[in-house]
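Can you build the whole structure from these sequences, using the hints too?
All residue numbers for the sequence shown refer to the working numbering, where the first residue is 2 and numbers rise by one.
FYI, nobody ran anything at the bench for these hints, they're computed from the structure.
Heads up, the beta-carbon is just placed ideally off N, CA and C, and yes, glycines get one too.
Please note that a few of the clues may not be correct.
Ranges between beta-carbon positions, derived for each pair [as the list claims (entries may be wrong)]:
(1) ARG76 / GLN161: 16 to 22 Å
(2) TYR54 / ASN99: 32 to 38 Å
(3) GLY180 / PRO35: 21 to 27 Å
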Amino acid sequence: MSPRNFEKDKELRAERRQQLLEAAMHVIARRGLPATKIADIAAAAKMSVGSIYNYFRSKEEIFQALVENGQQEYRTFVEEALSLESTPYEKLHWYTSNWLVYRNGWAITVLLQYARTSEAVPAELTQAVSSRFIDNLRPMASIIAEGQQAGVFKDGDSTQLALIYVSMMEGLILHDIPGIHEIAALTPDRMLSLLLK
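Written out as structure tokens, the structure is:
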């Protein structure tokens, strides 16, 4: 096999794996892990059941990959906000605007809550998810601390304020699940007003 074909095969495999995970995310988020069957994931991904096993050994392994990927995506997202060359308010506005329209935000939130609260999830995975959650608060806390130093955001422990803000965002995104819109559109300015002095 030529190096070019090897690279193309590797790229196609990565694309197929991502397609599988995308389908699995929505199936598991809607049905729950215990009620989801590999056949459900295969149907949603437009793959055969046998093909799924070329990528993962079980639905639990798929679930673990989903929560790890979801937390890494979030970390990349919040670090991008932190790295923006703008004011702390503008950084948090960018974060809020983009998170509210993030198409997989609701599904990632559902899966992460399940991973942190279900006794069906292995303890080591629950612990890893919780540790990453705390670690992922750091960039948000840094944005809030910058805003406090600039006199824009409320005083207080920046990590606690980050936890409150992120928890609010998680809660709100669950009221805007595709096909279930329970609240009117929220504007980032309204949400950010909770942090302003």
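To see whether the hints hold, each was checked on the structure:
1. ARG76 / GLN161: 16 to 22 Å: holds, 20 Å
2. TYR54 / ASN99: 32 to 38 Å: holds, 36 Å
3. GLY180 / PRO35: 21 to 27 Å: holds, 22 Å
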